[in-house]
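Visitor: Sequence order for the protein chains is B, G, W and S.
Each residue of the first sequence is one higher than the one before, counting from 1 in the UniProt record's numbering.
Each residue of the second sequence is one higher than the one before, counting from 1 in the UniProt record's numbering.
Each residue of the third sequence is one higher than the one before, counting from 1 in the UniProt record's numbering.
Each residue of the fourth sequence is one higher than the one before, counting from 1 in the UniProt record's numbering.
If you are wondering where the hints come from, they were derived from the structure by calculation, not from laboratory data.
Be careful, since some hints might not be right.
Unchecked claim - FRET-style restraints, in silico, Cβ to Cβ:
#1 Gly226(W) with Glu375(B): 53 to 63 Å
#2 Glu78(W) with Val83(G): 17 to 27 Å
#3 Trp82(G) with Glu87(W): 24 to 34 Å
#4 Glu331(B) with Ala35(G): 40 to 50 Å
#5 Asp120(W) with Arg340(B): 39 to 49 Å
#6 Ala328(G) with Glu78(W): 33 to 43 Å
#7 Glu29(B) with Ser179(G): 51 to 61 Å
#8 Gln386(G) with Glu331(B): 18 to 28 Å
As the list claims (entries may be wrong) - Derived, one-sided and incomplete: chain W residues facing chain S with beta-carbon distance under 7 Å:
#9 Thr215
#10 Ser242
#11 Ser251
#12 Gly261
#13 Arg268
Don't be surprised by glycine CBs; every beta carbon is placed ideally from N, CA and C.
There are 4 protein chains.
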Amino acid sequence: MFRFLTAGESHGPCLTMIVEGLPAGLEVEKEIVDADLRRRQGGYGRGGRMKIEKDAIRFLSGVRHGKTLGSPITLQVENLDWVNWEERMNAAPVEAEMEPVTRVRPGHADFTGSVKYGHDDVRNVIERSSSRETASRVAVGGLCRQLLSQFGISVHSHVLSVAGVGYETPRGMTKEAYSEEMWRAVEESPMRTADAALTEKMIARILEAKRDGDTCGGVFEVVAFGVPIGLGTFSQWDRRLSTRVGMAMMSIPSVKAMEIGAGFETTRTTGSHVHDVLRREEDGSWSHPTNNAGGIEGGISNGEPIVVRVGVKPIPTLAHPLPSVDLATGENIDQSRYERSDVCVVPAAGVVGEAMLAIVLTEALLEKFGGDSIEETLRNYRSYLQQ
Amino acid sequence: MFRFLTAGESHGPCLTMIVEGLPAGLEVEKEIVDADLRRRQGGYGRGGRMKIEKDAIRFLSGVRHGKTLGSPITLQVENLDWVNWEERMNAAPVEAEMEPVTRVRPGHADFTGSVKYGHDDVRNVIERSSSRETASRVAVGGLCRQLLSQFGISVHSHVLSVAGVGYETPRGMTKEAYSEEMWRAVEESPMRTADAALTEKMIARILEAKRDGDTCGGVFEVVAFGVPIGLGTFSQWDRRLSTRVGMAMMSIPSVKAMEIGAGFETTRTTGSHVHDVLRREEDGSWSHPTNNAGGIEGGISNGEPIVVRVGVKPIPTLAHPLPSVDLATGENIDQSRYERSDVCVVPAAGVVGEAMLAIVLTEALLEKFGGDSIEETLRNYRSYLQQ
Amino acid sequence: MFRFLTAGESHGPCLTMIVEGLPAGLEVEKEIVDADLRRRQGGYGRGGRMKIEKDAIRFLSGVRHGKTLGSPITLQVENLDWVNWEERMNAAPVEAEMEPVTRVRPGHADFTGSVKYGHDDVRNVIERSSSRETASRVAVGGLCRQLLSQFGISVHSHVLSVAGVGYETPRGMTKEAYSEEMWRAVEESPMRTADAALTEKMIARILEAKRDGDTCGGVFEVVAFGVPIGLGTFSQWDRRLSTRVGMAMMSIPSVKAMEIGAGFETTRTTGSHVHDVLRREEDGSWSHPTNNAGGIEGGISNGEPIVVRVGVKPIPTLAHPLPSVDLATGENIDQSRYERSDVCVVPAAGVVGEAMLAIVLTEALLEKFGGDSIEETLRNYRSYLQQ
Amino acid sequence: MFRFLTAGESHGPCLTMIVEGLPAGLEVEKEIVDADLRRRQGGYGRGGRMKIEKDAIRFLSGVRHGKTLGSPITLQVENLDWVNWEERMNAAPVEAEMEPVTRVRPGHADFTGSVKYGHDDVRNVIERSSSRETASRVAVGGLCRQLLSQFGISVHSHVLSVAGVGYETPRGMTKEAYSEEMWRAVEESPMRTADAALTEKMIARILEAKRDGDTCGGVFEVVAFGVPIGLGTFSQWDRRLSTRVGMAMMSIPSVKAMEIGAGFETTRTTGSHVHDVLRREEDGSWSHPTNNAGGIEGGISNGEPIVVRVGVKPIPTLAHPLPSVDLATGENIDQSRYERSDVCVVPAAGVVGEAMLAIVLTEALLEKFGGDSIEETLRNYRSYLQQ
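Excised from the complex, chain B in its bound form (with noise of 0.2 Å):
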């Protein structure tokens, strides 16, 4: 049974992660890990935390000699911010006085998270509610990823749009839409976009927003490649791929919106538009020539790529702050807190989303092939596509 938690403080000593349930046998490469974690400290927009951080994980049990071992694998990344905050954020009770956080920021889970837990500072809410919690994800993302490429999966990600600046016409999502060319400019971009005309628009429009001290959100885009036709399944809601899509997606931070597909682009025009016509190969393979379904039909993969855009807001910490609450005197006040943070975070949520759609993936790849070695499940995965 594939599961994982995720643990770990802002500015705790690190973040913990026990994922279980991969087979044994599987090679898994820290490097291939630390990658997906550099990726998402990287794009345009960060802010001073980014160079604090060099994200890289250990490998504290479940894998031996590089392969797995099919017990549960903890993942840990150490937070180097974290020797300034060791007195602030000790488990143990501590001798210093320390002053309460309790002004809230809009937009943030400051004042719900306050509410919730009853705290009184909150610092105690913003620990956990932090983005950094995304780093966890991508670990987990990235360990999935080494299973999925057994099966010939892959996962990408790339920027549509930043603050309305993004691409004018809209992009087909065939598998001809995509190639390997588009996928090194777009990790060589700083805004993760293919087009080069277009990351300088995009970087103009951040800067512009950081000029007034505000902040920027967009658009991005994931897409597997290789998933096989029947993972999902209607047979109960909670089982659709389309269902665990959603709450893989709309999980992340600053998620608000997300569409599989052509999303609410077919919602403007008919049937007769939308659907994807099916078309068998001389060969015998399957084809759709169109993929407005984003590769899921009837809650079960159908051999497309799986493409799901999403949309992140603005960072809510903003350099000039809005007004707000001091929960510690009840009192309206002209600005929130300012903590360090970025202006724009889009790059770095696409490789969040890479990460959830290889989890949601390898969950559902796990519960159709079984098996405990990765030789037995990629021997069920081989004899299913020559059924």
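Starting from the known structure of chain B, arrange chains G, W and S on it as the hints suggest.
Guide: Frame of chain B; chains G, W and S shown alone:
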């Protein structure tokens, strides 16, 4: 522990649902659930099936003399059409030769389900992948709604657009943007749209599609009022309220897109225009003059209406069918099959959306407040409000 | 994902079960399930209710023309006694005044359930806490049994002792200790005991208890043959096969004790007398000349019969009732209530034990081998055996 | 939602646990957890490993200044022996040739785990199947214990017998059968047995086994005091408190048997001697003069001590090894492998049993009372007691 399962084929004898974990002593009325089932069956653009079925539940367990017992609740909805399908859908083997369905409809589970489950007869797929299954969820939601009303929580839906025909200016999302009168108008409109002129325009659009043998999708909005601050948590990715709302909405058949609050719109502007300022009122209550967050901040409800907008693709079953494949011969064909269907289900999908939101809120509420009897749960809830 | 829920009150209209996650294409026969239900209703020492009920299932979903569809399966068992209880157990409010049950029976959920759920009428508790609920599990188990038989797995039970009357020398637990002939004798014995003389002694003991207005418990043994090496895992505490067997057996009403293999006996000797030596046979197969482990080592099946011994306390409902309390008055009373009941249910409990073991093995088997159709699951299973 | 995962190999760098769902604001002390870890490491009959390890936790998340935050709690226990195993157990590939373990020990997961996971080196199995993993559970239980103590619940264990040497007359199970003084004596006994003479006899028995190169099992009892009426439910088979206690106890490595309350003894007599009469005291409280039910009736706690007796088989690793098989050659061998081990772990297993019971009670308590802060949970609990 709140959980439920649904079962039932579209042309089988009935739909059956088991719901567990509602507190004991809750007054529940069959009529309230039936009213929701009727609302799901209505709306302009529905096909012939809706005339056959008069959905109504029967409680088969868990309710005695009008109150819940604390034991699992069984709800059953008879399929009145069953008499015409007894042989074709019999659980036992039958003598007669059954002609299998082999031509798959684009946009449906026909193809993906057949490959996944190894079915030769597509009927074995479509009976469960049919959106008749959503009646089950509406029934479960109708039960949850009765729990929520004890806590002052109500859930509504209305249609924002059909095939691009919709409100021309964006609607607000604060409490004040909605009214009892508006919801009454929604319930009276065959399009579930408060604006009478818009209702007529939508109907005209559907008629046009129908004439073309085509189908329409659209966008509906679900809103929950009275949700207390503090449901859901950022503590783990799968416990966020946004995660669960995402899961719930993306699980609805034909849904391809969703937004919480201002959604994609937030990606087109900057942070200072998006985040909802918190105010403390003189009576000690909290308010936000705007509700771009759609009632969820940091994965937790913030006391404002929960607002979700959901995009429904056009129905895949076209009266002028698209080209497809015959699975029996493996040959490409010019026209897939037509099975009796609707032209537009957006109003009905909105009712399903209400049910799913009611389910999600019930789960989150019981998780926070616990309790084995409604008195206990209410007592815990009230003491939290006063804390 | 294999999961199921059961529902239904003892004197409600029916018992309802939804079972999800069995592969498609599996041949299932109603008659096999009904046979198990009849076996549960039999056994010497049962009361009048068993004469009223002739339990039989109806498939209401998930099965078509004798084969599973892959969609959730609904099973329903009518309560024939319902006609006598329609008013007292009606889901809707009724006009007539109902006299509440207020005198609690020691050993039952009468007291604990009333306090937990805040019920004034103990009837609201006992309708679900009644062991009639176990018919639901037997039905689910009867379905699982049909899956398992495809993999050569069979599950049996017999009674070892009743009120201390039982086998005088311990029985072995290797494959050789059991035979087809023995199981035939078990099925023919009203005590579900292969030894005819012992059957008579047990009956005499039950008669004696009955004369005294008293009740008997006893010990049954459940055995599963043909379980492949490798089900369950030590990887996490809740995934051990022993954990799941423990869960399953201790969930049976009135069960207060259980042992896997030699159980408590292993605590009275030393390791060299307990552990089962592994041998490799000339044909490459594995064997253990003893089976003190009861087929589970390190939380994983080892290829030997799974053997579980389970202790059932005497039925709490005594014809000569024990002193108790009247919850309405809060007064101590000399005699609690008598509600029609059995004198001894150990043979029936054994049939429930079979069902629970079949359920546990089904879950563990599907987890390991995956598959959405029975062909796929079998193919995966066979290729594992050959690896 | 309370849940946890454990991870870590026996000779890896550390054990890691993530615990989610404890309310915020709970005071937790590392020292209390460490004391439990020390109690697990003690007991007469332990081997050399216990001298190397001085288990102590480090909180890596979820706790700040001595109180829980409501976010997931990470606990880590370093393996001091790791320095000697860095190469053999390294996560990364190493240059040196590693000699695989291939001779399997009867009674362990060595054989079953190797077949299941397809491992050639039994080391890949035994590192996780080792009962070192139980230290993880003791740590989690030590955290739960601190929650439970807020509700007046305490959990203890003691040893009833070792290799047949034990109490000669059965011990009672009512509150009065236990005393503070008795538990103090237990904590001071190297056998965790209150009776000093019995302690000596047990030690003599262990010494004898040791001289023979053999091992001993035994029986321990776990008792929880102060559990309120109403935890667990008969509503669904897997929510019974007995189910969860069964799951918890049977999950402990080497446990082969368990009883709740009088257990198997109840099967040897009749109902009138077994069931615990309920009395209402003059102060309005409830009592049962006997406790044969072990505190659970109808799957729900009844206010009496929860009493569980658990049978632990002798340790499988014998200094005079049993015959076995070499998996590399497939040959039957006269002696399996000896790896440093204990002679008797029954006292330690009792401490693990305490932890598992504390975990089960924590889950059931939080399910009933809800709450996101300890104040909220306590408030809900107190108002239930007064209802």
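Visitor: None of the hints should be skipped; say for each whether it holds.
Guide: Evaluated hints:
{"no.": "1", "hint": "Gly226(W) with Glu375(B): 53 to 63 Å", "result": "violated (24 Å)"}
{"no.": "2", "hint": "Glu78(W) with Val83(G): 17 to 27 Å", "result": "holds (20 Å)"}
{"no.": "3", "hint": "Trp82(G) with Glu87(W): 24 to 34 Å", "result": "holds (29 Å)"}
{"no.": "4", "hint": "Glu331(B) with Ala35(G): 40 to 50 Å", "result": "holds (46 Å)"}
{"no.": "5", "hint": "Asp120(W) with Arg340(B): 39 to 49 Å", "result": "violated (59 Å)"}
{"no.": "6", "hint": "Ala328(G) with Glu78(W): 33 to 43 Å", "result": "holds (40 Å)"}
{"no.": "7", "hint": "Glu29(B) with Ser179(G): 51 to 61 Å", "result": "holds (59 Å)"}
{"no.": "8", "hint": "Gln386(G) with Glu331(B): 18 to 28 Å", "result": "holds (21 Å)"}
{"no.": "9", "hint": "Thr215", "result": "holds (4 Å)"}
{"no.": "10", "hint": "Ser242", "result": "holds (5 Å)"}
{"no.": "11", "hint": "Ser251", "result": "holds (4 Å)"}
{"no.": "12", "hint": "Gly261", "result": "holds (6 Å)"}
{"no.": "13", "hint": "Arg268", "result": "holds (4 Å)"}
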